[in-house]
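Trainee: Given next are the chains, with one letter for each unit.
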Amino acid sequence: MPLDPDPEYLVALFPSITQVMRSERLLIERRIAHQLVPTPRRLSSECGVSIRFLAADRDPVVQALGGRTTLLDIRPMP
Amino acid sequence: MTIYLDNAATSWPKPDAMMRAMCHFNEHIGGNPGRSGHRLSIDAARVVFDTRERLALLLGAASSDAIVFTRNATEAINVAVLGLLKPGDHVLASGMEHNAVMRPLRAAQQRGVQLTVVPCSPQGWLDPADVARAIRPGTKALFVLHASNVTGTLMPLRELADLAHGHGIQLCVDASQTAGCVPIDVTGTGIDLLFFTGHKALNGPQGTGGMYLRPGLEAEVAPLILGGTGSRSEYEEQPEFMPDRYESGTPNAIGLAGLGAGIDHLLGQGIAAIRQREMRLTQLLLEGLADIQGVTVHGPGDASRMAGVVSFGVDGTSPSDTACALADRFDILTRPGLHCAPAAHRTLGTFPMGTVRCSLGVFTTEADIRTTLRALAGLPS
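These protein sequences, in sequence, are chains A and B. For what it's worth, this note's numbering labels the leading residue of the first sequence as 1, then goes sequentially. For what it's worth, this note's numbering labels the leading residue of the second sequence as 79, then goes sequentially.
Calculated directly from the structure, the hints in this document are not laboratory data. We put the beta carbon where it would ideally sit given N, CA and C, even for glycine. Please note that the accuracy of each hint is not assured.
Unchecked claim - Computed list of chain B residues with no C-beta within reach of chain A, every gap over 12 Å:
| hint | residue |
| --- | --- |
| 1 | Pro111 |
| 2 | Ala207 |
| 3 | Arg310 |
Said to hold, decoys possible - Beyond 12 Å from chain B on every Cβ pair, some chain A residues (computed):
| hint | residue |
| --- | --- |
| 4 | Val37 |
| 5 | Arg58 |
| 6 | Arg68 |
| 7 | Pro78 |
To be verified - Partner residues aside, some chain A positions facing chain B, computed with beta carbon under 8 Å:
| hint | residue |
| --- | --- |
| 8 | Ile32 |
| 9 | Thr39 |
| 10 | Gly48 |
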């Protein structure tokens, strides 16, 4: 689901594609807007795919993923 | 019309949905899962993840992270034997094991692993009391099949799990003949490692399989194959997390697309319903064989204690001649011989000639069984 090109995005980083897939499913179930994007190289080399979402959704995202997947970090999208 | 009774070798036919899923993958997806950030790579990763999730559901795993994909059950068994057992360790195996287990264990024995093969009953059943007597200090693992690929005999997994865990032993289960047609609950039963093949009762294509590892056990099982995983690309050391630890190299994503659709077909019917139907047809086959003069059935002779695998011999005729006559005269496809399980045939007393094996699948019908029984009754002995 494409997002508006608003400036404030965060990116969730994961260790592997399996965790990205699991997280995507959790976010879809909770109807939280997001987009799978190639991981910006300056942020991580762990997994080549990350999940971008609106900074305003940080708390719902953390709540959705907490304890259900391995989330490495949440960083501002460069 | 072909009657296919060789589902213990590989299931056939396959659900249409399985073939459609593989075509769809090739036509519309085709990317390398987890290797790139583009749409087709992500779509491929979704396919692999969905199949992993279905398997976790089917096997009773708490998380699909515990499911590892390999080329087949044999490769998964090799990971366990080579990755878990060290020289000096003691390992137990039942006297009914397939060569997928026995050959890696015999090779391990050459490296200094101590192996005890626990004899089974003439019906192919492993008595937990016999296992208990074979346990000694240093016993690390028990390898046992869930159901024999020769006689269909179901093993007492729950009792074996209780026994194994009471002695700190890892229970390693070969579910090649049961995953997809007999209910399995790895968590509730207490199975530490379980090996499955995708191309038998799970209705997937050949070249798919894998294993379940109890969470945490990955720290004790070294991977067999090392290499690229699409994760931790900056580092030259193998990731330690699941499932990447055991999944180096490009996976068989198109095969896993088919496997996922094959499992959907099963989940749609329900494993319990499939089991009930297969038991009824197996019992029909057993009772019919008992009525044919000169036929000897090997195994429990009771469908409630078996998977849908029935082995028999015909007096005065070799298994290969019987199977050949069934194929040539009636287009009924069975498997004669030793079924890659010489240990099992020694247990049954059918070594080296073997048996004729009829193995049922989700598409086997009552008419198939009745036609096969009529054909067998009419064969000269």
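Trainee: Decide, hint by hint, whether the structure agrees.
Mentor: Now the hints, each set against the structure:
no.	hint	verdict
1	Pro111	violated, 6 Å
2	Ala207	holds, 42 Å
3	Arg310	violated, 6 Å
4	Val37	violated, 7 Å
5	Arg58	holds, 22 Å
6	Arg68	violated, 9 Å
7	Pro78	holds, 15 Å
8	Ile32	violated, 18 Å
9	Thr39	holds, 7 Å
10	Gly48	holds, 5 Å
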